[in-house]
Structures are given as C-alpha cells and as structure tokens.
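Participant: Based on the sequences and whatever the hints tell you, model everything.
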Amino acid sequence: MIRFTIRRLLSGIVLLLVVTSATFFLAHAAIGDPTAGLLGNNATPAQRAALHERLGLDRPLLAQYWDWFSHALSGDFGTSWRNFQPVSDQIALRVPVTLSVVVSATLLAAVAGTAVGIATGLRPGGHLARVLKLASVVLFALPGFWVSLVLVMTFAVRLKWFPAVGYVPLTQSPSAWLSSITLPSVALALAAIVMIAEQLRNGFVEVNRQDFVRTLRARGLSSRRVTLHVLRNASPAALTVLAVMFVGLLGGAIVVEIIFNLPGIGSLTQSASQIGDIPILLGLTAVTVVFVVLINFLLDLVLGWINPKVREI
Amino acid sequence: MTDAALRAPGGPVRAERALWRRFLRRPLGVTALAVFLLVVLVGLFAPLLAPHDPNFVDFTLTQAPPSAEHLMGGDSAGRDIVSRLLYGARTTVYGAAIACLVGVGIGVPAGVAAGYFGGAADRICSWISDAVQSVPGMIVLLIVAAGTGADFTVLMVTVGAFMTPGYYRISRSRALAVRREPYVDAARVAGLTHARILHAHMLRAVHAPVIIQSALTAGVAMGMQTGLQFLGVGTASAPDWGQMMNDGFRTMGTHPLILLWPSLALGITIAALAFIGSTLADLVSVRTEPARRRRTAPAGGHAADAETPASSGALVHTVEQSVLRIDNLRVTYATAHGDKEVVRGVCLDVAPGEVLGIVGESGSGKSQTMFSALDLLSGDGRTSADGIWIGGREAGRLPRAERHALLGTRVGYVPQEPMSNLDPCYTIGHQLVEPLRAVHRLTKAQARDRAREVLLRVGITDPDRVMASYPHQVSGGMAQRVLIAGAVAGKPDLLVADEPTTALDVTVQAEVLELLRELQQEYGMALVIVTHNFGVVADICDRVVVMKDGRIIESGTVGQIFADPADPYTAELIHASQDDSESRDDLDAAWHEAGQKVHT
Amino acid sequence: MNKESAHVTTDSQAAPLLEVADVVVDYRRGRTTFRALKGVSMTIGAGECVGLVGESGSGKSTLGKAILGLAEVASGRIRFAGRDITHLKGTARRRLAADLQVVFQDPYGSLDPTMTVGQILAEPLTASGTGRAQARTTVAEMLDHVRLPADTVRRYPSEFSGGQRQRIAIARALVRRPRLIVCDEPVSALDLTTQAAVIDLFIDIQRETGVSYLFVSHDLGVVRRICHRVSVMYQGECVETGPNETVTRNPEHPYTQRLLLASPVADPARQAVRRRSWLALRAPATTPVP
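Taken in order, these protein sequences are the chains called A, B and C.
FYI, the numbering for the first sequence is 1 to 313, going by our numbering.
FYI, the numbering for the second sequence is 1 to 600, going by our numbering.
FYI, the numbering for the third sequence is 1 to 290, going by our numbering.
Read the hints as simulated data drawn from the structure, not as lab findings.
Backbone N, C-alpha and C define an ideal beta-carbon position, used for all residues, glycine too.
Please note that the accuracy of each hint is not assured.
Computed from the model, here is a short list of chain A residues facing chain B with C-beta under 7 Å [as the list claims (entries may be wrong)]:
| # | residue |
| --- | --- |
| 1 | ARG214 |
| 2 | LEU221 |
| 3 | ARG224 |
| 4 | THR227 |
| 5 | HIS229 |
| 6 | LEU231 |
| 7 | ASP300 |
| 8 | LEU301 |
Derived, one-sided and incomplete: chain C residues facing chain B with beta-carbon distance under 8 Å [said to hold, decoys possible]:
| # | residue |
| --- | --- |
| 9 | SER56 |
| 10 | ARG94 |
| 11 | PHE104 |
| 12 | ASP191 |
| 13 | HIS218 |
| 14 | ALA266 |
| 15 | PRO268 |
| 16 | ARG276 |
| 17 | SER277 |
| 18 | TRP278 |
Now the stretches of chain A that chain B is said to cover, found in silico as 3 or more residues with beta-carbon under 8 Å [as the list claims (entries may be wrong)]:
| # | stretch |
| --- | --- |
| 19 | 66-77 |
| 20 | 150-156 |
| 21 | 179-192 |
| 22 | 237-251 |
| 23 | 277-288 |
Facilitator: This is the structure in structure tokens:
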C-alpha cells in the first residue's frame, strides 16, 4: 500500500513535470512575446523592453521553466504577469466555484447514472433501456455548452425557474448557491449520467452472461442478492468512466462557466490566454493535473477494493 | 466444451461485406447517414447553394425575422443567416475531418504497434496516451488559439491530437486481442515478416472499430470546435456555427431564433454522427457477440423442419419414486433464422440415490436439458414441458419463488468450468457462507462452521486459508472442490454435475470423480452427470441416456448400454472413448501388411 | 507427392532431424520468474512422430513454442537438421519456415476470420516469393491432401466445422512441404468422433510425405494412436521417454502410471479394476490439494 502510494506520487510528479513543461514551451512558442498582449497595442518599445526584463523573459527558456517548476513543487506558482498578484491566490479564489459545479455534477452523475443503470440493467430489453440507449447516443456527443444553451433558453429565459447567470457563494446563502449552480451542474452532468448508466447496463448484460451468476442462482440466492453480486462485478467500468468524466468535466466547465457567467477558472483561463499571462495558465494546468492524479489514485483504490484481483497486477 | 463460443453464422468478413447492406436496412442509421451526407454536401457546395454573400451586411436585415427573401432572417450584424449556416457547415466539416485524420494518423499506428509488439514500446505509448488524457484540453486549445492568431487548421490539428488517445486505446486493445489469437503465431511460424503481419492481419482487425470511433470523434471534435468559436476563437471572414451561437446567445432574451438556427444545425449534425456510430457499433457487436449457448445442432434443428417430433427417452420410475422427472421437455431459442429447438422432447427420470449419466457430443442439448429443468437457462431460451417434477412436486407449475427455493436445498449444482463459476469479487468463504445464511437461515457462526466442515470433507486440508482466499488465488482443481462443497453444503437430494471434470487435468479429474462418488454414497444423493466421456459413465453411473441433436436416442442401464448398444452412434462414441484401441504400431503393421495403401 | 514414400521405421538414432538438449525456458510474471522447462532433452527422427504428454503447466506446449522460436530459450540447445536454431531471429528464423511448421489447438482462433481459406493457405507461399499461379496449384494440391473440396478456397473459416478448420490448419502447415510439424493439442478441442478422423488424417499425411511430428497432447489415448515414441512431461521435466507401447501400456515412472490409471476407460468392468489400481497408487496423504 505504501509502495503503491509512493509510486503513484512519483508518477504524478513526473506527469506534472511533463504536462506543465509541454504547456510552458507550447505557450512560449505560441504566444511569442507576451508583452504585446499584456501592455496593449499602444505601448512604446521602451515600455515593452522594461516589462520584458521585469518578467525575466531575457533568460533562457529552460532556466525560466526550471525556476517555475522548482517553486511550484513547494506550492509557489509565481505571480501573474498582468497584476503581479500571486497566481495561487487568484486560482484559490476561483477553484471553489469550479469545484462546486464539477463536484455536484459528478455526484449527480454518479447517483442518477447508477439508478438508471441498475433499472435498465435488470431489464436490458425494456422501454427504459431503449430510451436510455437513444439518449446516451445523442447526449454523449453533444457538447456541454450546447446543452447549457438549451437549458438556459428553457429554464432560465422561458420558465424563469433558475437565474440565467451569476454565482452566489455557499457561505452567503446555501439556497441561492444551490439555485445558481443547478443549471450548470445539470448541463455538465447530463452526458456523464447517460454514459455511466450505459456502462452499468452493458456491465450487467456482460456479467449476467458469466457462469458464476448461474451458480449463484443454483445455490438458491434471491434475485436481490444475485443483483448485488452482479452490481459489484459490473461497477468497475462505470467507475472508470466516472473518473474520466471528472477530468472531462473540468475542461467542459470552462465554457459552461462562461455561459452562466460563473467566476470560476473558466473565465480566468479565457482572459489569461487572451493576454498571454503564462504564469496563470501554467498554474491552472498544474491544478488540473493535480486533480487528475488525485482522482486516478482514488479510482485505483476503489477498483482494488471492488475486485481484489486487480491489486496484484 | 458446451461453452465454447459459437461464431455467428456467416462469419466476420461475410458480415463485414454485408455490414453496409445491413446498415441500410436500419431506418435510424439510414436517416442519420443521409443527414450527415447532406451536411457534407452542403459544406462542399456552399458557394453554389448560398442565396447571399454570408458576410454582406444589410442594416435593414439586422435581427430581422424570417422572410421569403431571408428564410431564417438576419443576425445582429445584418447578415443572412441561411447563407452563414451553409458556409458554417463547410467550416465545421472541414475542421472535424482534420481532427479525425490527425487522430487516425497518429493513434491507429501507435495503438496497433503498441498492442502487437508490447513491452517498452507499449508502456511508453500508453503512458503518453494517459498523459494526453489528463491534460486540460481546453486550456491548451485556448493557448494555441491565442498564440497562432487563431489559425483554424492548427487549432483543429490540436483538437485531433486530443482525440488521439481514443483511437490509440481501441487500436491497442484490438491489436492485443488479435495478438493472442493463434493465427498470428501461425503467421510468424509461416515466415511472415512483422510488417506483413501488421498489414495483413492487424489493420484488418482494427478497421471496423476505427470507423465507429471516427463517427464519435467527428461529433466530439465538432463540439470542441464550436465551443472554441463560441468563446471567440476563429477567423472573422469565414462564418462558423460557434460564432453564430455566440451572437444568438447575446440576444437570446429578445431574439431567440438567432440562437436557435445554429444550435439546431449543430445538434442535428452531431446527433446524426452519433447515430451512425451507434448503429454501426450495434451491427458489429451483433456479429462478434457469441450466440449465447445456442449451440446449434449440427444437422437441422430448425423448428420448421422438425414439426413437434415425438418425445424421446423413457420414464422408468413413478413420480413418487423419482427425485427428478422430466416429461417431454423442449427448449427453443429465437435466432435470426427463426426458432431453433435445441432440446426436442426429452423424457428422463432419476430415482433417489441413483447415478444417471447424460451423454452426448457438443450441441446435443444435454446441458440445456438440465439447465431448463432447474430453471437456470440464461439468455432468451424458452422452455416447455408436459411436466417437471423435483422431489415429487411439480416444479414446472410452482410459483417462481417457490421453484427457486428448491435450488440449494433439494438440488445442488456443480458446474463445468471451475474458475468462471466463482465470483471474482468475493472471498471463497463469503460465497460459501452467504447461501447458508440467506437460504438455510443459519447464523454467521453456524454457517462458517458448516462451510469449514464441507471444505474438509471435499479434501481441503486448510479450510480457513481457503475461505479467506479469493478465487484467483486458488488452482482449478481446488476451485472445483470448493464448488462441489458449495453444492453439497445444503445437503441436497439431487446433485446435478455439468461436465464436472472436463476442464480439469486427468489426474485431478480422477480425484474429483472419486470425491463425487464418495459424497453420493455418503449423502445418499441422486447424481446426474452430464458428460461427453463414456469413460466417466463407465466409472460412476448406474443408468445412462445418450443424446444427439436434442433427442434421446438410447437409454438403459450401464451394463446394458456398454454390452449391447442398440444405436450405432452409441457404439461409435463408446469406441472413440476407448484408449486401448490400436496403437500406432498396430496401425503401421496393418498398413505394411495391406501393401502400404493410404486409405482415404 | 513426388517425395519417396516415407520409411516409417524409427531408427531416429542415426541422424535425428530435431535434437533438443537441456533446454531451459523461464517465463517472467511481473517480478517473479517461473521456470517452465527445467532442462529438457529429446530427439525426433525423420518421418517419426514423437508424443509429448503432460498436464497443464507441465511445460509441454512451452517446448513446442521454444522449438518454433515463440518462446525465449534461457539455456540449452535446439538443433534442426544438424543446425543450431536455438536463438535464430529475423530473416534466418523466417527462412526456417520452409522446414518447420505448426498446427495449433484452437480451430477457431488459428485461422484469421477475415481471410478466405485460399488467402490463408497461399499466404506462407507468397510471403516466401512463390508466384501466384504456382501458389494456387500448390493450395489445390494441399486441399486434396487434407480431403477438402476444391471450392474451399473461396470460403471463409467461419463456414466450416471445427474438424474441417483443423484440416485447413493442417493444409496451411503443409503448403511449404516442411520436414517437421509441431502439433500443439491439435485434436483436443474436437468432438471424439471428429478426433478419430483428424488423427487418421495426420497418419495418412505422414505416410504420404514423410514429415515428422512433435505431437503435444494431454491425452494418452490420442498419443497412443498416432505416436511412435512418447515423452512424458511433469512440472517442466521429462520424466519418461520410450516406445509407444511401453509408455502407454506399461509405464515405469509412477507419474505416468498415475496418469494412465487416472483416465477412465469406457468399459465398466475394466474401469472398476483400473479405479482400484489408481486408488492403490494414489498418494498416501489422501488428497494432496493441487
């Protein structure tokens, strides 16, 4: 267990190194001279040169990156190039908003997906299963922002059930908070719900075909008990999808947040990329990668608990 | 053996060639394909089809409602929406095509190579693929968009790079699966180079899944593309749907139609792609799905050519005298070629303490007979019978719950393949204890004691260790003992063993047969052994029924059947199981004597 | 075939076609290694059929794989027609395909389902540079050899039964007219009645072409019918080698005796006797859990 954790930690750090360095060099290659974006078109060459030096852009790229990475490992992501505020402060301000949406979407997906998955898995030929199939095909492909637009048009603009835009912190008013994140969470969760339900349904069909299910029935176990066995065997695929979806939701949140005008990492990403604020972009990338590593670590723990066989591979 | 996957009739290539033909028979698939082709054509010929210049600004048209001249009205800048939609289709299709090409071009070769060669190449490629999947794609895309001055092609190449892991994974898993097939080893032994094997065998195997993946990928790429454009990434000169949606989004409160049109276009296109993909996936998976246990009787077996044949076999005991009695049992499966009857009117019975063998080759319906008698038939088989009695009660007419209550109490079941018959997620102890508690209402301690006791009885010397183990931690022979322990733990009157020794090594086989014999005598159980091996019958059975093509062709006591088989098929089977037939030396001697003629 | 009708006598000592000496094969499973073969030696003469009998995990299939170059040999030597082939790789190994062929157990997996039988059979020929027309003639000839109709070439493997597929696999092994075929459990996936026919086909082909077989099987009955000599494998070692009649009738090694007695015979009276002898021979600690 300790070995496993250490291995995971090391591989997570390597992943962080690879992904952030790739982002770093890509950003520098793509953006070129960031001072143009930061100062606007009216800046004089002298102003730009001054900023250039202040940002340390005259040093070799590799040295700049290493500087960033060694500080990042201790939690210091540097300062923004635009307002010279610490990156970690700005991200820490935004992350709770994004996490509210993404985590509630994930929970929604897990609960609703499991419920629908079990209902259709028990009757794979039934009407619900057929509807789910059609829904999953379409909803999986449709982008979250498209769904968001439809939801906003229907529930906010037409029915006025929810606010169309804006965010209320949980500490300010729990009910307003819930109401402000409901539509974005649903928009993000819909695809995940059908994916998880579909995985679970397929898992049920697959597991039901296995010999041990017949043997369990032959031992006289009730259908409810047999279903529990089947569910446990069918869940790894759905859980893996859930973890992958979580990563996807973090990315999808960027556009959805902009539609709902939520002050999460989405708008920060957009503005930082427009002006070429590389420290902010790197910080955002690093935070996302850390989440990914954490989620995958949790996933492996849960999968190992569900099916002990995977522990030994 | 009964479980060996039976490939669907026709086979893959036939099916693949017929795949498009079958695809065209699916209304949903055809509609989706037509819609998608329409979008592609519209994109290609947008300059010819568009009624107006998409960028021409006519201030009178600003946010105008639909009219005869402008079918969908005008946008916030006073441009014709229809024309912009048509040109937008061009952008969308072009972008999706680039993303798919990049994904296929990198992902498929890498995946096939990784799956085929394995080792370090596989580990490195898989790590990279996982790394790409954990990169926040949207951030990178926004960086690329900001830097390159939003060059659309570069942007879509980047989108394609994020699609690569999807292609990589399916190609790799297909290649891995094919790599394990003996025909690839055979090709290597036949002297084929790796390049030729990759080309001839591997690429063939991945091409259907890659097409399906492409339909999905194209849809997802379109979504990402429009999402970026919605955020303001894109060129002003070429109209695109995302930009149009953004325009509509800003005036959503007052002019919802402006948002509706591009949203509809995008939604319908992506849905069409998704349905193409899912229809194809359905068709392909139908062909790879092994026909579940529908072991076809080699000759005929169609309901059409076998119009309710008379029942076969014989009932030799009265209802009261038999622990199991089956009268005129039929099992039918619905197949693509009509109903297929795999058990065709079987009659048999077993007296308490009697050992009955049901013998036949694969596809004879022997296992199906017992499964349906116990109501353990999986899949969509239908059973009908004049009567099924278990322990003197007519099980066929009992309510489902009461019928199931007979299992585990009156009837025990020992399966064929030991490893696949234990739930891999639970310890062996749990699997033995659970039925004892749930069905036999024992307390936890009682159930554990009873489980330990039967494990000792079936020859497991350290029951506590075995109970704490998971199925993958024990050998096949041990697993079969555990299954036998589970079957007899409830002290049944009847034990049904389905090819209990077939999957085992010869020496373990003998041990298991010996164990079954001992248990049968000790508990005074009736035993039904389903087998293809007349050696097993000779070893343990009192009576035997011989099955072929879903019918009983002969039944009688063991002495009678071996001494004087009435049916030539029985005689042939018995002869084939005799390992003391002529040896190679005898055959060669005879051959030399006969003048070295090769018989054909 | 234009080759001389083979001599079937087993004077393999003269110049063995295949010579396996002290071969060791290790399999790596994660961090641990498992020794699948612990120094196995054997010979096969020209026109001879040698059986390799054992249970799962005995290493019998591994030996076949080592000979074919599909398993890495850790130590020891394999000589074929006087030439060391233990570690042949790449082009040299591919050239060996002309002399050394294989028939696998699984009649479903051993033929590429996406190719026609004609393509499958011609593949080894065209891969080695044979012209198309020549390949077609050879394929037709081979189909005739394995008693399949000529129109088989246009059909797909899935259209055939297990026994027919195994005939196709045999034809593929034969197309390059090899001197040795490794047969890895070639009949154990078939029904009993089909088994007998396929075994007879193996014998006929050996008589017609003089090819040698290494016949890997778990079934002493099958081996008895087809092999001239038999080696018995147990836990990576060869415990007994001898003429067919001896090994399958009066084996010396206790393991072989147990193996022989463990398999039930289709005759109630004789099986009762056999069972008693088996019980007497069974290891004293009643049931050593495997």
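Participant: Hint by hint, say whether it matches the structure.
Facilitator: Results for each hint:
no.: 1; hint: ARG214; in the structure: holds (5 Å)
no.: 2; hint: LEU221; in the structure: holds (6 Å)
no.: 3; hint: ARG224; in the structure: violated (10 Å)
no.: 4; hint: THR227; in the structure: violated (13 Å)
no.: 5; hint: HIS229; in the structure: holds (5 Å)
no.: 6; hint: LEU231; in the structure: violated (10 Å)
no.: 7; hint: ASP300; in the structure: violated (12 Å)
no.: 8; hint: LEU301; in the structure: violated (15 Å)
no.: 9; hint: SER56; in the structure: holds (6 Å)
no.: 10; hint: ARG94; in the structure: holds (4 Å)
no.: 11; hint: PHE104; in the structure: holds (4 Å)
no.: 12; hint: ASP191; in the structure: holds (4 Å)
no.: 13; hint: HIS218; in the structure: holds (7 Å)
no.: 14; hint: ALA266; in the structure: holds (4 Å)
no.: 15; hint: PRO268; in the structure: holds (5 Å)
no.: 16; hint: ARG276; in the structure: violated (11 Å)
no.: 17; hint: SER277; in the structure: violated (11 Å)
no.: 18; hint: TRP278; in the structure: holds (6 Å)
no.: 19; hint: 66-77; in the structure: violated (count 0)
no.: 20; hint: 150-156; in the structure: holds (count 3)
no.: 21; hint: 179-192; in the structure: violated (count 0)
no.: 22; hint: 237-251; in the structure: holds (count 4)
no.: 23; hint: 277-288; in the structure: holds (count 4)
Checked against the numbered hints above, the structure violates hints 3, 4, 6, 7, 8, 16, 17, 19 and 21; every other hint is satisfied.
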